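S.K.: Build the full structure now, drawing on both the sequences and the hints.
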Amino acid sequence: MAQVEVTKELIARVAKNARLNLTDAELEKFVPQIKEIILDSFSKLDEVDAKEEPSFQPVAISNRMRKDEVKKSISQDEALKNASTKLRENGYFKGPKVL
Amino acid sequence: MVKREETIAFFVEQAKEDFSLVEKNLAGVITEIKNSNAKKLNYIEEFDAADVLRQVAELKKAKYKGKLFGVPVTVKDAICVKGVESKAGSKILRGYKPLFDANVIERARAEGAIILAKTTQDEFGFGTFATHTEKVPKNPFNNERSCGGSSGGAAGFTAFTKNFHVAIGESTGGSIACPASFCAGVGITPTYGLVSRYGLIDYANSLDKIGTIGKNVEDAALLLEVIAGYDARDSTSLDNGFKRDEAPIKRIALIKDFFEGCDSEVKKVVQDKIKELKKFYEVEEVSLPLNVKYALAAYYIIATCEASTNLAKLSGLRYGVQGNVEGKHFDDYFSEIRSKEFSDEAKRRIILGTFARMSGFRDAYYLKAMRVRTKLINEFNNAFKRYDLLLNPTMPTVAPKFSDIEKLTPLQNFAMDLCTVPANLAGLPHISVNAGFVNGLPVGIMAIAAHLQEKRLYSFAKVVEA
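As you go down the protein sequences, you meet chains Y and D in turn. Each residue of the first sequence is one higher than the last, beginning at 1 in this note's numbering. Each residue of the second sequence is one higher than the last, beginning at 100 in this note's numbering.
Keep in mind that the hints were calculated from the coordinates and are not lab data. These numbers come from a predicted model, not from an experiment. One thing to keep in mind: the hints can contain errors.
[What the hints assert, rightly or not] Here are the simulated SDA-like pairs of lysine to any residue, each with C-alpha atoms no more than 20 Å apart in a straight line: (1) K51/Y with T130/D; (2) K86/Y with H428/D; (3) K94/Y with V420/D.
M.R.: Next comes the structure, spelled out in structure tokens:
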């Protein structure tokens with residue numbers, strides 16, 4: 001594929017997609033490092049002619065179905081155990097607003 | 100030469116008859132944990148004395164005395180232990196106490212193991228030197244040098260302890276073999292899918308493998324056989340229908356492409372060891388031109404893509420670090436927590452992986468890497484038609500100084516994984532065992548077998564060890 005241009009704008013956009021706020025200092029540091037990895041390493045695969053099927057796993061694994069059965073699970077209280085007291089209310093997790 | 104009296108199998112035999120040996124050994128290990136922590140060697144992330152004492156009391160009453168009866172087992176931080184903080188070396192999971200044991204922990208406990216402590220590691224396994232974390236483990240052979248990563252604490256403590264102990268580690272691209280090599284331990288990474296990943300805080304699902312590190316081959320192999328086996332809760336777990344018979348080893352080959360990239364002093368140690376091995380096996384050389392050229396690129400694309408999706412769930416809700424959500428939009432809240440708690444290394448990998456999966460780039464990077472992986476696996480499988488095992492130095496250098504690691508760019512850092520990444524990418528079982536020393540620093544030799552041929556690795560490594 002055509003050579004990708006790794007710019008500050010591109011990295012800032014990718015970071016935003018990944019829910020990361022980068023400071024200017026971080027951008028200054030990361031852009032050349034990421035550019036080196038993409039251009040000198042990732043892009044090496046351009047020269048390989050690979051028509052093979054992709055190996056999403058290294059060992060052939062087939063789908064296995066399990067029975068649709070109700071089994072014992074953790075209680076609601078237990079499920080909430082790791083939530084901070086501020087982020088649980090009336091047996092529910094509390095999160096930031098969505099709308 | 101490993102004496103039978105030095106193995107945990109021997110200890111277990113004795114301990115079944117005399118429980119005071121369990122208590123004595125445990126007291127010794129606990130003193131060492133306290134010493135190593137006091138000396139800031141940083142092998143241990145989390146140690147809960149009350150939890151350990153409770154386990155001992157239960158063990159004392161146990162009717163079934165298993166294969167690991169009374170053996171203290173340390174666990175890489177990324178593996179969930181019920182009620183014990185498990186944070187994969189990261190800040191974002193601070194305070195997370197799992198409600199359940201990982202499958203490997205259940206299996207180890209069922210055979211009488213004492214789950215002793217969590218060991219330090221690179222954040223989520225992101226690293227070759229266990230430096231990408233707050234508690235950086237120091238090499239027991241030279242404290243100015245790295246233990247290797249990412250299972251650095253596991254290998255460091257295994258070398259440090261004078262007592263009976265064995266460690267559970269995890270490898271994505273070399274995180275068991277590398278620290279085993281730098282700390283003169285024996286590290287076994289099994290076939291992908293042999294050991295259940297249920298309860299592993301994952302890095303990259305198609306690459307992660309839980310394995311073991313011990314002071315000798317027998318210890319590491321015993322623990323692996325205990326933790327291996329089918330588990331319905333891991334959709335990639337290999338079912339028991341796969342055959343794992345022991346097959347004899349006749350012909351082995353040094354992978355010359357990997358060998359050539361190593362430091363001359365490392366080459367010399369490995370070459371001398373191979374000369375000795377010629378008494379036992381036919382030894383030849385083999386070339387894997389595609390793997391040496393493309394494995395690192397394919398690996399880092401796949402690993403960062405999978406990591407970036409796995410880490411998407413860490414957003415400051417339900418577990419781990421949590422902040423104040425009042426008056427904040429969810430995007431801002433998630434971004435705030437993630438930006439504050441992820442290290443630079445995690446941020447770089449998330450960005451790389453997100454980039455390689457983005458529309459417009461996905462086919463060229465992510466999908467292409469998966470196709471190239473098929474080629475690379477085929478290249479290995481062809482070599483296994485001629486050879487029973489393939490060899491290379493585990494790492495291209497001895498354990499580097501922290502001051503030298505700081506000078507590496509991220510790409511140079513990735514390149515250190517040249518010898519360990521190909522087998523990991525192909526899901527092939529491999530073992531690292533000590534081959535000798537350079538100025539007092541350990542050098543590991545690595546053997547790779549075809550899928551499910553772990554037993555060949557054990558018998559080969561015992562020859563190297565002798």
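S.K.: Evaluate each hint against the coordinates.
M.R.: Results of checking the hints against the structure:
1. In summary, the hint linking K51/Y to T130/D is not supported, as the alpha carbons are separated by about 57 Å, beyond the 20 Å threshold.
2. Distance restraint check for K86/Y and H428/D: the Cα-Cα separation of roughly 16 Å lies within the 20 Å cut-off, and the hinted pair is therefore satisfied.
3. Distance restraint check for K94/Y and V420/D: the Cα-Cα separation of roughly 14 Å lies within the 20 Å cut-off, and the hinted pair is therefore satisfied.
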